[in-house]
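My request is simple: use the sequences and hints to build the entire structure.
All residue numbers for the sequence shown refer to the UniProt record's numbering, where the first residue is 1 and numbers rise by one.
No wet-lab data here; the hints were simulated from the structure. All values reported here derive from a predicted model rather than from experimental measurement. Heads up, some of the hints might be wrong.
No farther apart than 20 angstroms at their CA atoms in a straight line, the calculated lysine to any residue pairs in the SDA-like style are these [to be verified]:
1. K51 <-> D62
2. K197 <-> E175
3. K197 <-> V181
4. K197 <-> A184
5. K61 <-> Y95
6. K74 <-> V96
7. K195 <-> V181
8. K195 <-> H180
9. K61 <-> K37
10. K163 <-> R130
11. K168 <-> A145
12. K197 <-> D185
13. K61 <-> S91
14. K51 <-> A39
15. K195 <-> G172
16. K178 <-> L190
17. K85 <-> V97
18. K51 <-> K61
19. K82 <-> G70
20. K195 <-> L166
21. K178 <-> D189
22. K61 <-> V97
23. K168 <-> D189
24. K179 <-> K195
25. K37 <-> H52
26. K168 <-> E123
27. K82 <-> I64
28. K74 <-> L87
29. K168 <-> Y199
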Amino acid sequence: MVSAPKKSSKKDPFKTKKSRTESVQVSDTVEPPAEIKEAIDHFRDAQEQAKHFEAEATVHKDAIMEFASGEFCKRSQSGLDKSYKILGDESMVTYVVMDSSAGLTEDELDMIRDRWGEDAAEELVVRDYRSIRFDPKVLEANYDAVVDALQTLPEEVLENLFKPMLMKAAPGALERAKKHVKSADELSDLIRDLKLKHYIR
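In structure tokens form, the structure reads like this:
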């Protein structure tokens, strides 16, 4: 007589554990009043239309920008280096140029040097001190050492070097906020006060 295979003494980490308690199904949908249903349908329709028109608008915008930047360069040669309007048949756009730039990397600065020369790079590019950011993980891990190192600076420099540190909601604040309120209205107020991000899409 062939014996049945012995039950393995090792636990299979991938095997689902049997549950003796019946799972309770909780609905994750809510049926709102008729006017909210209608608003949801209009919202979704508008989203779909926006996706279509956004792609079309990008094509037109690219064509306008190519023309406008070329025209601006021509106008600049004549001393007309201000923003200007471009007329359509029924509307118009304004081409705006600001005397500021997005951040430049060292590689991009090297490319400017290579193409336009050292003098151009020296005159046209400056360090953006506002772009300096601490890596939050490194700062947290070495906070005391960083503070100690900063103490070597003159007091007047240290006092004026940093803007006041901002605060933010702690991780898990939404869940933990519930124990500090007595009603849904209070929770709504607390979420607003914590400036927790919330939006619809």
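We went through each hint and held it up to the structure:
no.	hint	in the structure
1	K51 <-> D62	17 angstroms, holds
2	K197 <-> E175	14 angstroms, holds
3	K197 <-> V181	19 angstroms, holds
4	K197 <-> A184	17 angstroms, holds
5	K61 <-> Y95	11 angstroms, holds
6	K74 <-> V96	15 angstroms, holds
7	K195 <-> V181	16 angstroms, holds
8	K195 <-> H180	16 angstroms, holds
9	K61 <-> K37	35 angstroms, violated
10	K163 <-> R130	11 angstroms, holds
11	K168 <-> A145	23 angstroms, violated
12	K197 <-> D185	17 angstroms, holds
13	K61 <-> S91	14 angstroms, holds
14	K51 <-> A39	18 angstroms, holds
15	K195 <-> G172	14 angstroms, holds
16	K178 <-> L190	9 angstroms, holds
17	K85 <-> V97	12 angstroms, holds
18	K51 <-> K61	15 angstroms, holds
19	K82 <-> G70	14 angstroms, holds
20	K195 <-> L166	13 angstroms, holds
21	K178 <-> D189	11 angstroms, holds
22	K61 <-> V97	15 angstroms, holds
23	K168 <-> D189	16 angstroms, holds
24	K179 <-> K195	18 angstroms, holds
25	K37 <-> H52	23 angstroms, violated
26	K168 <-> E123	39 angstroms, violated
27	K82 <-> I64	17 angstroms, holds
28	K74 <-> L87	17 angstroms, holds
29	K168 <-> Y199	18 angstroms, holds
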